[in-house]
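Novice: Model the full structure from these sequences, guided by the hints.
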Amino acid sequence: MKADRSVSEINYPPGDLAIWIFILAELTVFAIFFAAYAFTRLQHVELFNEYQLTLDREAALINTLALITSSYFVVRAVSAIKVDDRRRCVYWLLAALCMGMLFLLVKSWEYVHHYSEGINLSSNIFYMFYLSLTFFHFMHVIMGMVILVAIAVMAARGKYSRQEHTGVESGASYWHMVDLVWLILFPLVYVMR
Amino acid sequence: MKRLSDFIGIRPCTLIYLLLISFSLATFLVGKLGFSGLGMSLLVLLLALIKGHLVGSYFMGLGGVRGVWRWPVFIWLFIPGILIGMAFYLSYQ
Amino acid sequence: MQYQSQAVAKPYFIAAIALFVAQVLFGLIMGLQYVVGDFLFPEIPFNVARMVHTNALIVWLLMAFMGASYYLVPEEAETELYSPGLATLMFWVFLGAAALTVVGYLLLSYSTLAEVTMNKLLPTMGREFLEQPTITKIGIVIVALAFLFNIGMTILRGRKTVINLVLLLGLTGLAVFFLFAFYNPENLVLDKYFWWWVVHLWVEGVWELILGAILAFVLVKTTGVDREVIEKWLYVIIAMTLITGIVGTGHHYYWIGTPEYWQWWGSIFSAMEPIPFFMMTVFAFNIVNKRRRDHPNKPAMLWALGTAVMAFLGAGVWGFLHTLSPVNYYTHGSQITAAHGHMAFYGAYVMINITIISYAMPLLRGRNAANPVKSQVWEMWSFWLMTIAMVFITLFLTGAGILQAYLQRMGENPQPFMVVQEQISLFYWLREIAGVIFLIGLVVYIASFFVGQNDPEATTAS
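Protein chains in written order, with the working numbering: chain A, 1 to 193; chain B, 1 to 93; chain C, 1 to 462.
Read the hints as simulated data drawn from the structure, not as lab findings.
Source: prediction; values computed, not measured.
Each residue gets a CB set at the ideal place from its N, CA and C atoms; glycine is no exception.
Check the hints yourself; a few may be wrong.
Said to hold, decoys possible - Incomplete in silico selection of chain A near chain B, CB under 8 angstroms:
# : residue
1 : F39
2 : L105
3 : S173
As the list claims (entries may be wrong) - Covered by chain A, according to a simulated footprint, are these stretches of chain B (three or more residues, beta-carbon under 8 angstroms):
# : segment
4 : 17 to 25
5 : 49 to 55
6 : 77 to 85
Specialist: Below is the structure:
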């Protein structure tokens, strides 16, 4: 009981304060995008419902599982560094990166499919939103992976330890944000109708 | 959550992970089976918000933080959640 | 001054201030022409005054950026400048080109200027802010390349700090996007589309990186706060700047013939553009609060904090006012734009340049750390005079803009442009008065370089 209390005494989120301000700013952009989607849909319910069916839900499911899994791996990487296990920390980070890569491949495959059907941003308002939202998120996956690579390299070089692992926590927090956004995006764009 | 995971004998984060996976599968099934309608949409939305809250609290670790920093992700889920819910509610009026 | 070669910055700063004076004088001429239409006609018509006003601004900001880079890069890299001779040569080339261009604007008609400079061979003239003759543009490219080479070699040779790398990234972007000034498509939509790649991606993209780097440098020097802390903030600010600023270009693409999705992209992303500016404000005050020492150069600190606040207000808040496409539908090209332009340029780029000049000039003039107290007091007076005058210029223009948008575009019976201009002339008069106060502030600023020069240097205790 005593140990539990000391945990809840922490006033700061894991990682650096600067990355959290960044995360909040990013989340705000997505929140506005989501609300814009929902309220624009209100004006074009038929159109949104019709074109939503052309999306590939299986691909979206694979991507959801990929991101959740990679987020889980990142959690494990943070726990590993907290007990000074640098090797395992790097392995978990690499596993998370593989999952990120899977996401990028599946999503790219979807884009290629849309492109071959001649769909673009000007096709209609639904595709405008679908492509903008997912592509903006896609760029975040890439950015998150760059951050993960950076911390994996630093971890491999022994820059982090049980005492000092703010970098790992910061990168992990950013990656969870990428996952978090997708968890709302997936049902909103692919499923809810 | 900790007590439950101790009981099953897995880490809390693994338990959260399994929950997230099963919620996602449920969401997918709703889409796959072609369910639609206000009730279904709101249910799917609720599942998504719960997932988001689990990620915020357990993966991002905000559940163990005291003070203002405990809430940003929750608030982030709450406001768009309300807006999306409202927009879908209105689309059925 | 730690490195001899930093001295090349001095002429750049002096020329920048001289052009600043010219800019403000022509601004006042134009401001008067808003209400007294034939003032100085036909010697200096409105379009020429405007061209000189905006071009002088751009050139003096560029000049000060270069001066700032020549000053801070060697100190950050901990090595002498690669080639001080090249830097001095380029100064005279740049100044000569700028002077010739202004003389051309004032003495020749624009069409004659175009003919004389053989614009026909590679037409680039006639576009707002990019009015310079093609040969001047080519000159700018040469100066920019020589400058980048000089700075790049210095950085390669020395210590690579985050501040230097961000600055280099910003300066490279500045040079690269300027190349679109040479792309002049026949199609008017495409012309405007790429014109913004220079104009927008400069001021709402790469220039912000330069601003961030200079601000970080001055804060490192004056506060003694750990470099790591400052660098971390710099990373976050530039990432957010690029994310919002690049796609935010869309807020210039409403209803000019570009695809409709720009209305969404432009609105959503540019609505977020105030965030990096807000972060910059939080960052600056945070760092100053954590300061480990009290630097004797108080005006430099004042300008630095002033930049952080005024950039947020001018670029962030006044930008947000008219950035959403449904709002912009009514305010496009009205005095609201002018209000935003004035406060954003002053708050972000004029003030950051004065910040670095304020920090560096005493050192370049052989002082240990700061000017004598009297000089500092004058400089701080000039800060308040210019800044408050600019706030009023902005408020009066905003009033004019709101009224203009309403009378000309919204009411029951929209009125013609010139009729509306007549009705808002009171605001123009008030703006002109605020402009005169700005000029007084500028005179006080220049005087601060000359007063109390024989007094002892200010110390922390005073």
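Novice: Among all the numbered hints in the text so far, which are the ones the structure does not match?
Specialist: 2
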